[in-house]
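All chains should be built: construct the whole structure from the sequences, respecting the hints.
Okay, here's what each chain looks like letter by letter:
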Amino acid sequence: MRIEFDEPKCVAAGQCAMVAPDVFDQREDDGVAVVLDENPGADQHEAVREAAAVCPAAAIRLVEE
Amino acid sequence: MNRIVIAGAGAAGLAAVETLRREGFTGTITVLSEETEVFYDRPPLSKQILAGEWDADRIRLRAPAQLAALDIDLRPGVRAAGLDTARRLVTLSDGTDVPYDGLVVATGVRPRPLPDDSQPFIRTIDQALEWRKRLRPGTALTIVGAGFLGAECAAVAARLGCAVTLLEPAAVPLAHAVGEPVGRMLADVHREHGVDVRTGVTVTSLADDALSTADEVLVAIGSIANTDWLAGSGLDLGDGLLCDEYCAAAPGIYAAGDVARWHNPLFGVTMRIEHRTNAAEQGMAAARNLLGAAKPFAPVPYFWSDQYDLKIHAYGHLRGHDHFEIVEGTLESRRFLATYRRAGRLVGALAVNMPPKAIRPWRQAIATPPPSAGSSSAALPFAGSSSAASAFAGSSSAASAFAGSSSAASPFAVSPVVEESP
Numbered sequence: 001m002r003i004e005f006d007e008p009k010c011v012a013a014g015q016c017a018m019v020a021p022d023v024f025d026q027r028e029d030d031g032v033a034v035v036l037d038e039n040p041g042a043d044q045h046e047a048v049r050e051a052a053a054v055c056p057a058a059a060i061r062l063v064e065e
Numbered sequence: 001m002n003r004i005v006i007a008g009a010g011a012a013g014l015a016a017v018e019t020l021r022r023e024g025f026t027g028t029i030t031v032l033s034e035e036t037e038v039f040y041d042r043p044p045l046s047k048q049i050l051a052g053e054w055d056a057d058r059i060r061l062r063a064p065a066q067l068a069a070l071d072i073d074l075r076p077g078v079r080a081a082g083l084d085t086a087r088r089l090v091t092l093s094d095g096t097d098v099p100y101d102g103l104v105v106a107t108g109v110r111p112r113p114l115p116d117d118s119q120p121f122i123r124t125i126d127q128a129l130e131w132r133k134r135l136r137p138g139t140a141l142t143i144v145g146a147g148f149l150g151a152e153c154a155a156v157a158a159r160l161g162c163a164v165t166l167l168e169p170a171a172v173p174l175a176h177a178v179g180e181p182v183g184r185m186l187a188d189v190h191r192e193h194g195v196d197v198r199t200g201v202t203v204t205s206l207a208d209d210a211l212s213t214a215d216e217v218l219v220a221i222g223s224i225a226n227t228d229w230l231a232g233s234g235l236d237l238g239d240g241l242l243c244d245e246y247c248a249a250a251p252g253i254y255a256a257g258d259v260a261r262w263h264n265p266l267f268g269v270t271m272r273i274e275h276r277t278n279a280a281e282q283g284m285a286a287a288r289n290l291l292g293a294a295k296p297f298a299p300v301p302y303f304w305s306d307q308y309d310l311k312i313h314a315y316g317h318l319r320g321h322d323h324f325e326i327v328e329g330t331l332e333s334r335r336f337l338a339t340y341r342r343a344g345r346l347v348g349a350l351a352v353n354m355p356p357k358a359i360r361p362w363r364q365a366i367a368t369p370p371p372s373a374g375s376s377s378a379a380l381p382f383a384g385s386s387s388a389a390s391a392f393a394g395s396s397s398a399a400s401a402f403a404g405s406s407s408a409a410s411p412f413a414v415s416p417v418v419e420e421s422p
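Residue numbers (the working numbering), protein chains in the order written: chain B, 1 to 65; chain G, 1 to 422.
Treat the hints with care, since some could be wrong.
FRET-style restraints, in silico, Cβ to Cβ [said to hold, decoys possible]:
#1 G:A171 - B:E64: 48 to 58 Å
#2 G:D73 - B:R61: 22 to 32 Å
#3 B:A42 - G:V201: 56 to 66 Å
#4 G:T204 - B:M1: 48 to 58 Å
#5 B:N39 - G:L310: 32 to 42 Å
#6 G:P115 - B:V34: 42 to 52 Å
#7 B:E4 - G:D209: 49 to 59 Å
#8 B:E4 - G:L291: 20 to 30 Å
#9 B:D43 - G:R21: 14 to 24 Å
Please keep in mind that the hints were generated in silico from the structure rather than gathered at the bench.
Backbone N, C-alpha and C define an ideal beta-carbon position, used for all residues, glycine too.
If you want it as structure tokens, here you go:
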């Protein structure tokens, strides 16, 4: 799985960092999401899919490889 | 279960479809959509689309290949027109019908019009693109209703050089939603950007004198749940389709998104939430429960709003709060965090231009029901960390959220309650 993050779309809701904190974080100043691991391990896939699904800006796209 | 019908192709409908497939449902999924454009994102309509910053393509929620992989029976331009729960049939606007074993009602809302109104609103992509053309430098735009939608449109129009008038029947815009102090601050910000904010003005007709000087009138006075098609179905309709804490309206029938009025056990009340994140979360929850998960849906509602250089985040159920308090920053600096309480309990928090890590522990505190919930404690089956609750309410533990708080005021400490000034 590869994560494609469309940063300009991010609204800094922080949903991803709450659902998948090992893969997503937020910048300290403006809260924009940061991808910690663009190729997360299988143990993270379910959480990452959940994060992509709840992202209110549809800024997280997953490419299943 | 072999056939599932999703009525509505917005964010809630998409979340339901994707969740059904992720959970392994391999049967037929029929998706009905009144609009011919399907599965696009609405919050940017009053922001980047109206401002002309983004093309329509940019708000598609999924790429064509991703939608194709979902293998859905998509009916664009065909809306649900009626429901027969006994025969388990949805009647369609084209005169045909479609049988279902499971149904997710995600038909959303429509803008509330003035009685003589035929103006375009900003609810669909076509309407937003039409408004983009109308807003030119010098255009005298009057917006009826200073709610979040009206306020966001005012901010965009002011930036585009329009002469904007914002009319609001209440004394303070958004007071019912975010409290008078924050409402006053937002009105001040609009005035500083040249918007003529007039409060105490009730408009009941497009012929109203208050609109006589306007080149364009944008009506943003709330919305109406799209439940008309369910009239006579036997389902419980009021302001939305009434559901239990599992988002179920009847056996095999669930609702999600703007149209759903469900019992949120975290707050012990029924609510209908027109927030983007709720649409996705509830679409997921409804789909899982339709497949038998039997997990109550108890989220902390969340919304954000962009106005000028203000980034507003709000968590919880702020309406009906009886106490308001600034716990960090100041209104004057336009950088603050405010809390909202009802009967002593923390029910909401609102942040303006605050770092996310200052907000997160408050959200966690809202998601944690008080230990002495009294008679309603029985209705809080997952006060701890059951998977559904933690997935929707944030999975970090209360302890780690507490440790991560850099705020002097702690959401877990008993803080003095300050009466909202009249």
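Evaluated hints:
1. G:A171 - B:E64: 48 to 58 Å: The hinted range 48 to 58 Å holds for A171 of chain G and E64 of chain B, with Cβ atoms some 53 Å apart.
2. G:D73 - B:R61: 22 to 32 Å: holds, 24 Å
3. B:A42 - G:V201: 56 to 66 Å: holds, 59 Å
4. G:T204 - B:M1: 48 to 58 Å: Cβ of T204 of chain G to Cβ of M1 of chain B: about 54 Å, so the range 48 to 58 Å holds.
5. B:N39 - G:L310: 32 to 42 Å: Since the Cβ atoms of N39 of chain B and L310 of chain G sit about 36 Å apart, the hinted range of 32 to 42 Å holds.
6. G:P115 - B:V34: 42 to 52 Å: holds, 50 Å
7. B:E4 - G:D209: 49 to 59 Å: holds, 53 Å
8. B:E4 - G:L291: 20 to 30 Å: holds, 29 Å
9. B:D43 - G:R21: 14 to 24 Å: holds, 21 Å
In summary, this structure violates none of the numbered hints.
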